[in-house]
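A.B. asks: Model the full assembly from the supplied sequences, consistent with the hints where possible.
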Amino acid sequence: MRIAFDLDDTLIPGRIPFPVEPRPHNPLKRMFCSEELRLGTAALITDLRECGHEVWLYTTSFRGIRPLKWMFWAYGAPVGGVVNVPVHRRRMEQLEGVRDGHREGAAGRRSLLRCSKYPPAFEIDLLVDNCEGIVIEAQQYQFEVLQVQPDDPHWDRAVRNRVGIN
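Here the sequence shown stands for residues 5 to 170, where the numbers follow the numbering used here.
Rather than coming from a laboratory, the hints here were simulated on the basis of the structure.
Yeah, the Cβ is synthetic: ideal placement off N, Cα and C, and Gly gets one too.
Among the clues, some could well be false.
Straight line, CA to CA, 20 Å or less: simulated DMTMM-like cross-link-like pairs of lysine to aspartate or glutamate [as the list claims (entries may be wrong)]: (1) K73 / E58; (2) K73 / E54; (3) K73 / E148; (4) K73 / D155; (5) K73 / E25; (6) K73 / E39; (7) K73 / E40; (8) K73 / E127; (9) K73 / D51.
Using C-beta positions, here's what the derived DEER-type ranges look like [said to hold, decoys possible]: (10) H29 / R94: 15 to 25 Å; (11) P23 / G101: 44 to 54 Å; (12) P31 / G101: 44 to 54 Å.
C.D. replies: See below:
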């Protein structure tokens with residue numbers, strides 16, 4: 005199963021603070037840790053990968069793909085792929101048949117161009133996110149989402165339960 009995690013207020017503290025992973029002791033790894041990660045992230049990603057799941061990141065930010073991959077690697081939680089805003093937009097335009105800024109055909113259906121996240125376009129089976137708006141989009145665009153709250157100390161347990169690992 006390919007599982008993707010949102011970043012802000014899900015894995016990276018934002019508006020609501022939550023306990024974070026200790027920074028790596030290795031100075032080389034430490035320099036890649038530009039942001040803090042939610043406590044439990046490294047163990048959860050390790051466990052998911054050991055059970056054969058592929059872990060990705062899916063963010064509505066413009067953070068760079070390489071810096072994110074290096075940061076998660078430095079925390080001991082390497083990820084397989086990253087979808088940021090430019091990657092998301094390009095893929096939605098491909099799916100919608102946008103050429104030279106003009107949309108081709110498909111009148112009358114919900115436009116993927118308005119969807120802030122669309123995991124099926126990247127063969128993502130489950131998106132873990134804190135945002136209520138993403139839950140609404142999941143219902144409208146028919147994809148699987150697990151909503152976790154920033155203040156939930158057992159957020160990782162909810163993910164484990166959803167994918168069937170304990």
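A.B. asks: Between K73 and E54, does the CA-CA distance stay at or below 20 Å?
C.D. replies: holds (18 Å)
A.B. asks: Can the restraint linking K73 and E25 be considered satisfied, given a maximum Cα separation of 20 Å?
C.D. replies: holds (16 Å)
A.B. asks: Hint says 44 to 54 Å; check whether the CB-CB distance for P31 and G101 agrees.
C.D. replies: holds (49 Å)
A.B. asks: Holds or violated: K73 with E40, Cα cutoff 20 Å?
C.D. replies: holds (14 Å)
A.B. asks: Given the hint that K73 pairs with E127, does the C-alpha gap stay at or below 20 Å?
C.D. replies: Holds - the C-alpha atoms of E127 and K73 are around 19 Å apart, at most 20 Å.
A.B. asks: Could you grab the alpha-carbon distance between K73 and E148 and see if it respects the 20 Å cut-off?
C.D. replies: Distance of about 24 Å is beyond 20 Å: violated.
A.B. asks: Hint says 44 to 54 Å; check whether the CB-CB distance for P23 and G101 agrees.
C.D. replies: This hint holds: roughly 45 Å between Cβ atoms.
A.B. asks: Check whether the Cα positions of K73 and E58 lie no farther apart than 20 Å.
C.D. replies: Holds, at about 14 Å.
A.B. asks: For the pair supplied as a hint, K73 and D51, is the alpha-carbon distance within the 20 Å limit?
C.D. replies: holds (18 Å)
A.B. asks: Assess, step by step, whether the Cα of K73 is no farther than 20 Å from the Cα of D155, and give holds or violated.
C.D. replies: violated (25 Å)
A.B. asks: Please check whether H29 and R94 have a Cβ separation lying inside 15 to 25 Å.
C.D. replies: The hint (15 to 25 Å, Cβ to Cβ) is violated, given that H29 and R94 are roughly 38 Å apart.
A.B. asks: Under the criterion that the straight-line Cα-Cα distance not exceed 20 Å, is the pair K73, E39 satisfied?
C.D. replies: Distance of about 12 Å is within 20 Å: holds.
Checked against the numbered hints above, the structure breaks hints 3, 4, 10 and satisfies the rest.
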